[in-house]
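For chain A, the structure is supplied; the task is to place chain B with the ligands on it using the hints.
Chains as they are written, first to last, in the working numbering: chain A, 1 to 414; chain B, 1 to 109.
Keep in mind the hints are simulated off the structure, nothing from the lab.
Keep in mind it's a predicted model, so treat the numbers as computed, not measured.
Any given hint could turn out to be false.
Listed next, the in silico SDA-like pairs over lysine to any residue satisfying Cα-Cα at most 20 Å (straight line) [stated by the list, open to error]:
| id | chain 1 | residue 1 | chain 2 | residue 2 |
| --- | --- | --- | --- | --- |
| 1 | B | LYS27 | A | ARG250 |
| 2 | B | LYS27 | B | LEU42 |
| 3 | A | LYS65 | B | LYS49 |
| 4 | B | LYS49 | A | MET112 |
| 5 | A | LYS204 | A | GLU313 |
| 6 | A | LYS2 | A | TRP20 |
| 7 | B | LYS27 | B | MET44 |
| 8 | A | LYS204 | A | GLY225 |
| 9 | B | LYS49 | B | LEU93 |
| 10 | A | LYS288 | A | PRO268 |
| 11 | B | LYS49 | B | LEU75 |
| 12 | A | LYS267 | A | SER286 |
| 13 | A | LYS65 | B | GLY50 |
| 14 | B | LYS49 | A | THR304 |
| 15 | B | LYS64 | B | PRO7 |
| 16 | B | LYS49 | A | GLY209 |
| 17 | B | LYS27 | A | ALA10 |
| 18 | A | LYS231 | A | PHE249 |
| 19 | B | LYS49 | A | MET246 |
| 20 | A | LYS330 | A | GLU313 |
| 21 | A | LYS351 | A | LYS384 |
| 22 | B | LYS49 | A | GLY385 |
| 23 | A | LYS288 | A | MET112 |
| 24 | B | LYS49 | A | LYS351 |
| 25 | B | LYS49 | A | ARG250 |
| 26 | B | LYS49 | A | LYS384 |
| 27 | A | LYS351 | B | GLU39 |
| 28 | B | LYS49 | A | PRO268 |
| 29 | B | LYS64 | B | ASP14 |
| 30 | B | LYS27 | A | PHE249 |
| 31 | B | LYS64 | A | GLY299 |
| 32 | A | LYS65 | B | VAL73 |
| 33 | B | LYS49 | A | GLY70 |
| 34 | A | LYS351 | A | GLY215 |
| 35 | A | LYS267 | A | GLU313 |
| 36 | A | LYS288 | A | PRO265 |
| 37 | A | LYS351 | B | MET44 |
| 38 | B | LYS27 | A | SER327 |
| 39 | B | LYS49 | A | LYS267 |
What follows is each chain in one-letter form.
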Amino acid sequence: MKRYSAFAIAREALRGHTGWDRAWARAEPKAAYDVIIVGAGGHGLATAYYLGRNHGIRNVAILEKGWLGGGNTGRNTTIIRSNYLQDPSAAIYEKSRSLYETLSQELNYNVMFSPRGVMMLAQTHHEVRGYQRTAHANALQGVATEFIAPAKVKELCPIINIDGPRYPVLGALWQPRGGTARHDAVAWGYARACSDMGMHVLQKTEVTGVRSENGQVTGVETNRGFIGCGKLGIVVAGHSGVLADMAGFRLPIESVALQALVSEPIKPCMDVVVMANTVHGYMSQSDKGEMVIGGGADGYNNYTQRGSFHHIEETVRALIETFPMISRLKMLRQWGGIVDMTGDRSPIISKTPLGGCFINCGWGTGGFKAIPGSGWAMAELMVKGASPLADDFSLGRFREGRFIDESVAAGVAH
Amino acid sequence: MLILQCPCCGVDADETELSPGGEAHLKRYGPGSSEDDFEGYLFMRENPKGVHFERWRHAHGCGKWFHAARCTVTLEVFGTYPAQSYAPPQDILDRIAARRPGWRWREFA
Ligand SMILES: Cc1cc2nc3c(=O)[nH]c(=O)nc-3n(C[C@H](O)[C@H](O)[C@H](O)COP(=O)(O)OP(=O)(O)OC[C@H]3O[C@@H](n4cnc5c(N)ncnc54)[C@H](O)[C@@H]3O)c2cc1C
Ligand SMILES: [Zn+2]
Chain A
1 MKRYSAFAIA REALRGHTGW DRAWARAEPK AAYDVIIVGA GGHGLATAYY
51 LGRNHGIRNV AILEKGWLGG GNTGRNTTII RSNYLQDPSA AIYEKSRSLY
101 ETLSQELNYN VMFSPRGVMM LAQTHHEVRG YQRTAHANAL QGVATEFIAP
151 AKVKELCPII NIDGPRYPVL GALWQPRGGT ARHDAVAWGY ARACSDMGMH
201 VLQKTEVTGV RSENGQVTGV ETNRGFIGCG KLGIVVAGHS GVLADMAGFR
251 LPIESVALQA LVSEPIKPCM DVVVMANTVH GYMSQSDKGE MVIGGGADGY
301 NNYTQRGSFH HIEETVRALI ETFPMISRLK MLRQWGGIVD MTGDRSPIIS
351 KTPLGGCFIN CGWGTGGFKA IPGSGWAMAE LMVKGASPLA DDFSLGRFRE
401 GRFIDESVAA GVAH
Chain B
1 MLILQCPCCG VDADETELSP GGEAHLKRYG PGSSEDDFEG YLFMRENPKG
51 VHFERWRHAH GCGKWFHAAR CTVTLEVFGT YPAQSYAPPQ DILDRIAARR
101 PGWRWREFA
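Okay, chain A solo, but in the shape it has when bound (with noise of 0.2 Å):
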């Protein structure tokens, strides 16, 4: 793989940029590979790039059924952020913050990490006292957050209504280090990284069943044939139900519409990222000036990557109020992903009932902050059948009793 560098654009600038090599190689699909990953999102060619980083695997292939990250890490908004409430949860958010921090030069690969600061008002007093307590938790798990009076959020953010009428702003937990990427070049970059080490990715390659004998998972069927496998991580957020019907076993999660919007490019107006989660909206500015806004989930179960009007509304509302200067701007486009929803707001990274496969699922609304930690405890997991970061996310843990809750934190868990 030739690097990019400053000298690489001038050397390429003077030979009218005929040596740059294509990112990712185009791969034919072998007979079989040591590790399938489903799902080329964030959290599958993570997981592969870790496998070949940190445990030496590299005969891989990462199947997708559409194209490279066209799922939910290509159409989420981009917060990234570890100031949540649970132990397990602090050391896997807080594990892939910090990866993000030094991954574009990990990757050679620019991600745009950009820790602007991440502020989630607190708009009643249940809230001011839930984040105090998560800023208790926080110091305690080691992750940098403090509660702020109202004056400091109207400081860092001068465009805010800290006064509205029906839920003034209390105070706000800060995240100074949480921020935003960007998202396809998250992908992009591991991608480019594990072809790199030899891996295939293979897109248009759908997976239509799972094959096994006495147990064991034995490969898989595609659109291009059978593949074989050694082991089969199985990493495609909301289509998780649809594949662990294919390998034989139920799932704790349901699939819903998450959907989010962004307008017409501005100025420079606001430099950190604020969520608003008791009236369901937060707002970023993007590096193009867009106002990049989503909301709370949609409420049933959808495959549709659509979602309801209603909901939008409501963000919007919640949104103006806030932020009074926006009332004006136009909308340039809205969408929708299909987001796997636990019921304690906590992933599963965890084996399964078929031997030799192994499930990362369930990071619904919030999953594109826990990429780098996600493929890193789920790499470690598929080699040696364990891992720190990953154990107390076990499909087990409802069974017994041994819930992450989330969902009392925040109602827009993004």
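Same frame as chain A, but now just chain B with the ligands:
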């Protein structure tokens, strides 16, 4: 916009009038049941890409619960039926079979 006819009051209600209530026909398990049964009842969920049976409440209308048969891919509605049903009625099952050959959902098909 999803529109369901409430079998209690007969109104064609759009989704802003309705509250989704999750998977239908769950069998409740009580004291003395096995761990598998509890796990299945409390946590495991059907999550089909296709035909689904659900509970809904006509929250901003008559307030009553009812059942709906729906496709999660096209949002096509196959029919609604009273909450007091242990299984989907035969006419709805027939309609689904005609529209989605080969469909399956738990023990109902
Ligand atoms: C609107 C929206 C906003 C969000 N905002 C945030 C945010 O601000 N911060 C945050 O942290 N998270 C956010 N999220 C959540 C985040 O996007 C997801 O948790 C994360 O991207 C999941 O990544 P993934 O790799 O698991 O899944 P995906 O990126 O969905 O990848 C799964 C892949 O599997 C493929 N696949 C499915 N079935 C098959 C099959 N049979 N064969 C082969 N391939 C298959 C799919 O095509 C897909 O590409 C948001 C999500 C949405 C929808
Ligand atoms: Zn009614």
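The hints, checked one at a time:
1. B:LYS27 / A:ARG250: Given that 20 Å is the threshold and the Cα spacing comes to 16 Å, the pair holds.
2. B:LYS27 / B:LEU42: Holds, because 10 Å separates the two Cα atoms, which is no more than 20 Å.
3. A:LYS65 / B:LYS49: holds, 15 Å
4. B:LYS49 / A:MET112: Status violated; Cα separation ~35 Å.
5. A:LYS204 / A:GLU313: violated, 35 Å
6. A:LYS2 / A:TRP20: holds, 8 Å
7. B:LYS27 / B:MET44: holds, 12 Å
8. A:LYS204 / A:GLY225: Holds, at about 12 Å.
9. B:LYS49 / B:LEU93: OK: LYS49 of chain B and LEU93 of chain B at ~17 Å, within 20 Å.
10. A:LYS288 / A:PRO268: holds, 9 Å
11. B:LYS49 / B:LEU75: Judged against 20 Å, a Cα distance of about 11 Å means the pair holds.
12. A:LYS267 / A:SER286: Given pair LYS267 of chain A, SER286 of chain A holds - Cα atoms ~10 Å apart, limit 20 Å.
13. A:LYS65 / B:GLY50: OK: LYS65 of chain A and GLY50 of chain B at ~18 Å, within 20 Å.
14. B:LYS49 / A:THR304: Holds: LYS49 of chain B and THR304 of chain A sit about 10 Å apart, inside 20 Å.
15. B:LYS64 / B:PRO7: holds, 9 Å
16. B:LYS49 / A:GLY209: holds, 15 Å
17. B:LYS27 / A:ALA10: Given that 20 Å is the threshold and the Cα spacing comes to 68 Å, the pair is violated.
18. A:LYS231 / A:PHE249: holds, 16 Å
19. B:LYS49 / A:MET246: holds, 12 Å
20. A:LYS330 / A:GLU313: Holds. LYS330 of chain A to GLU313 of chain A sits at ~14 Å (cutoff 20 Å).
21. A:LYS351 / A:LYS384: holds, 11 Å
22. B:LYS49 / A:GLY385: Not OK: LYS49 of chain B and GLY385 of chain A at ~31 Å, beyond 20 Å, violated.
23. A:LYS288 / A:MET112: Holds. LYS288 of chain A to MET112 of chain A sits at ~13 Å (cutoff 20 Å).
24. B:LYS49 / A:LYS351: The given pair, whose Cα atoms are some 23 Å apart, is violated under the 20 Å limit.
25. B:LYS49 / A:ARG250: holds, 14 Å
26. B:LYS49 / A:LYS384: violated, 33 Å
27. A:LYS351 / B:GLU39: Holds: LYS351 of chain A and GLU39 of chain B sit about 17 Å apart, inside 20 Å.
28. B:LYS49 / A:PRO268: violated, 42 Å
29. B:LYS64 / B:ASP14: Measuring from Cα to Cα gives roughly 15 Å; hence the hint holds.
30. B:LYS27 / A:PHE249: holds, 19 Å
31. B:LYS64 / A:GLY299: holds, 18 Å
32. A:LYS65 / B:VAL73: holds, 17 Å
33. B:LYS49 / A:GLY70: holds, 18 Å
34. A:LYS351 / A:GLY215: holds, 13 Å
35. A:LYS267 / A:GLU313: violated, 24 Å
36. A:LYS288 / A:PRO265: holds, 6 Å
37. A:LYS351 / B:MET44: holds, 16 Å
38. B:LYS27 / A:SER327: violated, 48 Å
39. B:LYS49 / A:LYS267: Outside the cut-off at roughly 42 Å; violated.
The structure fails hints 4, 5, 17, 22, 24, 26, 28, 35, 38, 39 (numbered hints given earlier, in ascending order).
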